[in-house]
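**Q** Chain order of the listed sequences is A and B. Counting from 5, one number per residue, gives the positions in the first sequence under this note's numbering. Counting from -5, one number per residue, gives the positions in the second sequence under this note's numbering.
Please keep in mind that the hints were generated in silico from the structure rather than gathered at the bench. Check before you lean on any hint, since a few could be wrong.
Heads up, simulated DSS-like pairs for lysine-lysine below, C-alpha to C-alpha not over 30 Å straight-line [said to hold, decoys possible]:
id: 1; chain 1: A; residue 1: K217; chain 2: B; residue 2: K287
id: 2; chain 1: B; residue 1: K58; chain 2: B; residue 2: K82
id: 3; chain 1: B; residue 1: K5; chain 2: A; residue 2: K217
id: 4; chain 1: B; residue 1: K266; chain 2: B; residue 2: K239
id: 5; chain 1: A; residue 1: K217; chain 2: B; residue 2: K103
id: 6; chain 1: A; residue 1: K217; chain 2: B; residue 2: K142
id: 7; chain 1: B; residue 1: K287; chain 2: B; residue 2: K5
id: 8; chain 1: A; residue 1: K217; chain 2: B; residue 2: K239
id: 9; chain 1: A; residue 1: K217; chain 2: B; residue 2: K82
id: 10; chain 1: B; residue 1: K98; chain 2: A; residue 2: K217
id: 11; chain 1: B; residue 1: K121; chain 2: A; residue 2: K217
id: 12; chain 1: B; residue 1: K120; chain 2: B; residue 2: K142
id: 13; chain 1: B; residue 1: K172; chain 2: B; residue 2: K103
id: 14; chain 1: B; residue 1: K95; chain 2: A; residue 2: K217
id: 15; chain 1: B; residue 1: K127; chain 2: B; residue 2: K142
A few chain B positions that, by computed beta-carbon distances, are all more than 12 Å from chain A [to be verified]:
id: 16; residue: Q23
id: 17; residue: E74
id: 18; residue: S165
Across the chosen pairs, the derived CB separations fall in these ranges [as the list claims (entries may be wrong)]:
id: 19; chain 1: A; residue 1: F243; chain 2: B; residue 2: E100; range: 53 to 61 Å
id: 20; chain 1: A; residue 1: I401; chain 2: B; residue 2: E110; range: 40 to 48 Å
id: 21; chain 1: A; residue 1: F320; chain 2: B; residue 2: V107; range: 54 to 62 Å
id: 22; chain 1: B; residue 1: K120; chain 2: A; residue 2: M309; range: 30 to 38 Å
id: 23; chain 1: B; residue 1: K121; chain 2: A; residue 2: M325; range: 52 to 60 Å
id: 24; chain 1: A; residue 1: F336; chain 2: B; residue 2: Y62; range: 50 to 58 Å
id: 25; chain 1: B; residue 1: K120; chain 2: A; residue 2: I401; range: 37 to 45 Å
id: 26; chain 1: A; residue 1: I365; chain 2: B; residue 2: V107; range: 53 to 61 Å
id: 27; chain 1: B; residue 1: Y62; chain 2: A; residue 2: M325; range: 26 to 34 Å
id: 28; chain 1: A; residue 1: F336; chain 2: B; residue 2: E74; range: 52 to 60 Å
id: 29; chain 1: A; residue 1: I365; chain 2: B; residue 2: P115; range: 34 to 42 Å
id: 30; chain 1: B; residue 1: K18; chain 2: A; residue 2: V274; range: 32 to 40 Å
id: 31; chain 1: A; residue 1: L181; chain 2: B; residue 2: M(-5); range: 41 to 49 Å
Here a beta-carbon is modelled for each residue, glycine too, at the ideal position from N, C-alpha and C.
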Amino acid sequence: MTKARTKSFIITTLIVAAGFFLLANLPNIIDAFSGEGGDNVIHVVDKSGELVAQLQAQLEQSDSEIQAMPTDLSEEELKQGITEGTIEAYLIMEAGDALSARYVSESANEIGAGREVENAVQEIQTALTAERLGLSGAEVGELFLPVNFEREAVSNSSKTEEEMSQARGLVYILILLIYIAVIYYPNMIAMEVANEKSSRVMEILISSVSPVKHMFAKILGIGTLGIVQMMIFGIAGYFAFKTSASELTEGFFSVMGFSDIKVATFLFAVLFFLLGYFLYAVLAALLGSLVSRTEDVQQLMLPMMFLIIIASLIAFSGISMPDANYVTVTSFIPFFAPLVMFLRVGMLDIPIWEPLLSIAIMLVTIGILGWFGARVYRGGVLMYGSSQSLKDIGKAITLGNKK
Amino acid sequence: MTLIVDHATKKFGDFTAVDDLSLKIEEGQMHGFLGANGAGKTTTFRMILGLLDPTQGNVTWNGKPINYETSPYIGYLPEERGLYPKMKVEDQLIYLAQLRKMSKEEARKETAVWLERFEVPHYADKKVEELSKGNQQKIQLIASLVHKPSLIILDEPFSGLDPVNVGMLKSAILDVQKQGATIMFSSHRMDHVEELCDDMSILDHGKIVVGGSIREVKRNFGKQNVRLKMDQDLAGLSRLPGVEKYKETIDGALFQITEESTAQHILTEAMKLGQLRHFSIEEPSLEEIFIAKVGKAYA
């Protein structure tokens, strides 16, 4: 029913999929570009003469690529070296009661290297102090023993802190996807309907098949398209992360909770994506049928956009406190439910009847809206005129009415 | 396969677009539908197509209501061009034919035949928006005929076309009629209706003011024209009894009369004035009838 997709769609899909690969491999790519650049030599002005060797040893111990090299140049000469680009950074160390060091580099952006050096210097300081105090290595170790601090929640409905942070990343991404989908695809529907109206092909179409059939075919068609596109993105994203499998992405996986994929969360995501899509798609088709020109679509879509944006605000703010009252209440309001109820399902262990009730409410709403939308659509597609406001809904129903 | 519109009325709120309209078009006939802008032609077509339901009355074709089950047998050309601007001509025609339940292969075949017939086969791979208005109209007409409908509704099929293309489209429509299709079309051009149609009706403010076969309509109009071509001043003749209207033309004058005898009277009087180059009794043109009935100057 829906016409074959255009080139632009395929290209968009490919670009986004390629974007995933790029994003996932970004660290590798950056490495590839910057790996050869720096020779990572740090010039050290050390008046005592003993500290350089210690620093070098420390840096090696912490797997750093930075080479500490003693220098006899004066500070002025070193500064000039930096300005001229022959020297990357230098360090001035002075031994005293406490070790003091000054790290100078071209710009303050190179925090990374500075921090490594700082850590190394700190280690040396610790060792020196320990030596002075006569502490053994084991005693030092004891001193810096990390505290054993755990959080536990008493409530059954809340997940443990660890689970929460794991779920949070996943839920965040999925909510974002649903949010984009319920904005993007229904918009597409409204645009297409308005397009078919403004090009007047609508009259031919609805004299061939009934407007109601046309409307639902359009919604299904674009829905299928959306699912296919989302699947391509999903698969591309998955493979992108797999192929890039660097340490960083693995770290990313575990932080985002992907290593512990919850099938239920994904199923709910798909379910809420579909429900949210249908809900807003019917609304969009209804609105699209009211305008005569594509230029007017955005204006009429505005109220619907507000609904989605409010839903997303609730959902995103609710991520940090999913058991807040307002989140619970809005998760049962059909227009907010796809995002908010999914948030609760993903973040909390709520009784199964809650999402089911929310889904049922949404289904009923979709049904009512579908019935109502079909009535408006029937008349709306025949209506041409300059006025385009929600008042036209009434006119459209009268026009489409039987008898 | 008779199309019957039975006392159909369509009201939009307080406004009556079509008022108690009755029509009957026999199978294989071509019916011309005339009316000023806003007279209710498109609304009538929409009711016939089932896009709008009449407030009162009903429309039947072949004794049955027209709905989406009958859509494969109906062809429709809307007044405004309605095609996907960004879709290729051939794909578009095939798609629209498929919507009317024609198989893809057959649609492809028919599309090629029609494009050939309208001398535009090279447009098959072009987007509609790249075509000129006249060529778009050809494609539009193909879209309404390609699935071999037996009831064809054409809303202003000849608008925006040059005379050569009008002729091409006319002959195509006549061919389809010969194959047995019932055709109803509206036009602003009386000469097209006069040339193509068996029956006609004139719609004004949602009512049929004149209807029937063209010959009947003309006869019932009860007026004839007398055309005189001579160089003398003919204004005096306009005062003869029985002359309803008098109009000077470049090479003579035109008299509107109601009685045949008046024509004889004009002739004898004219011959007294001098040399007569031309004398004829003409049937009234549809345009005259239209203007007389609808009461507006109208081209």
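**Q** Give a verdict on every hint.
**A** Now the hints, each set against the structure:
As the CA atoms of K217 (chain A) and K287 (chain B) are separated by approximately 42 Å, the hinted pair breaks the 30 Å bound. Restraint check for K58 (chain B) and K82 (chain B): not satisfied, since their Cα atoms lie roughly 36 Å apart, outside the 30 Å limit. A threshold of 30 Å between alpha carbons decides the hint, and for K5 (chain B) with K217 (chain A) the separation of about 26 Å falls inside it, so the pair holds. For a cut-off of 30 Å, the pair hint linking K266 (chain B) to K239 (chain B) stands: about 21 Å separates their Cα positions.
Taken as a hint, the K217 (chain A) and K103 (chain B) pair is honoured in the structure, with Cα atoms around 27 Å apart against an allowance of 30 Å. Restraint check: the Cα-Cα separation between K217 (chain A) and K142 (chain B) comes to about 23 Å, which is no more than 30 Å; the hinted pair holds. The straight-line distance between the Cα atoms of K287 (chain B) and K5 (chain B) is roughly 23 Å, inside the 30 Å bound, and the hint therefore holds. For the hint linking K217 (chain A) to K239 (chain B), the alpha-carbon distance of about 57 Å lies beyond 30 Å, and the restraint is violated.
Simply put, K217 (chain A) and K82 (chain B) have alpha-carbon atoms about 24 Å apart, close enough for the 30 Å limit, and the pair holds. Restraint check: the Cα-Cα separation between K98 (chain B) and K217 (chain A) comes to about 20 Å, which is no more than 30 Å; the hinted pair holds. Restraint check: the Cα-Cα separation between K121 (chain B) and K217 (chain A) comes to about 27 Å, which is no more than 30 Å; the hinted pair holds. Our distance criterion of 30 Å between C-alpha atoms is met by K120 (chain B) and K142 (chain B), whose separation comes to about 24 Å.
Restraint check for K172 (chain B) and K103 (chain B): satisfied, since their Cα atoms lie roughly 21 Å apart, inside the 30 Å limit. Of the supplied pair hints, the one linking K95 (chain B) and K217 (chain A) holds, its CA atoms being roughly 15 Å apart against a limit of 30 Å. For the hint linking K127 (chain B) to K142 (chain B), the alpha-carbon distance of about 24 Å falls within 30 Å, and the restraint holds. At roughly 21 Å from the closest C-beta of chain A, the C-beta of Q23 (chain B) stays outside 12 Å, upholding its exclusion from the interface.
E74 (chain B), annotated as away from the interface, has a beta carbon of chain A within 12 Å; the closest lies near 4 Å. Under the 12 Å C-beta cut-off, the non-interface status given to S165 (chain B) relative to chain A holds; the minimum distance is some 23 Å. The hinted window of 53 to 61 Å between F243 (chain A) and E100 (chain B) is violated, with their beta carbons roughly 44 Å apart. Checked against the hint of 40 to 48 Å, the pair I401 (chain A) and E110 (chain B) passes, with Cβ atoms roughly 45 Å apart.
Checking the proposed 54 to 62 Å range against F320 (chain A) and V107 (chain B) shows it holds: the Cβ atoms sit about 59 Å from each other. Between K120 (chain B) and M309 (chain A) the beta carbons are some 37 Å apart, a value that agrees with the proposed interval 30 to 38 Å. Here the CB-CB span from K121 (chain B) to M325 (chain A) is close to 53 Å, well matched to the stated 52 to 60 Å. For the pair F336 (chain A) and Y62 (chain B), the beta carbons lie near 38 Å from each other, so the given range of 50 to 58 Å is not met.
Range check, K120 (chain B) to I401 (chain A): Cβ separation about 40 Å, and the 37 to 45 Å hint holds. Checking the proposed 53 to 61 Å range against I365 (chain A) and V107 (chain B) shows it holds: the Cβ atoms sit about 55 Å from each other. The hinted window of 26 to 34 Å between Y62 (chain B) and M325 (chain A) is violated, with their beta carbons roughly 52 Å apart. The beta-carbon spacing between F336 (chain A) and E74 (chain B), approximately 46 Å, falls outside the hinted interval of 52 to 60 Å.
Evaluation of the 34 to 42 Å hint for I365 (chain A) and P115 (chain B) yields a failure: the beta carbon distance comes to about 56 Å. Range check, K18 (chain B) to V274 (chain A): Cβ separation about 57 Å, and the 32 to 40 Å hint is violated. Between L181 (chain A) and M(-5) (chain B) the CB atoms are about 55 Å apart, so this pair departs from the stated range of 41 to 49 Å.
In this structure, the hints that do not hold are numbers 1, 2, 8, 17, 19, 24, 27, 28, 29, 30 and 31, in rising order.
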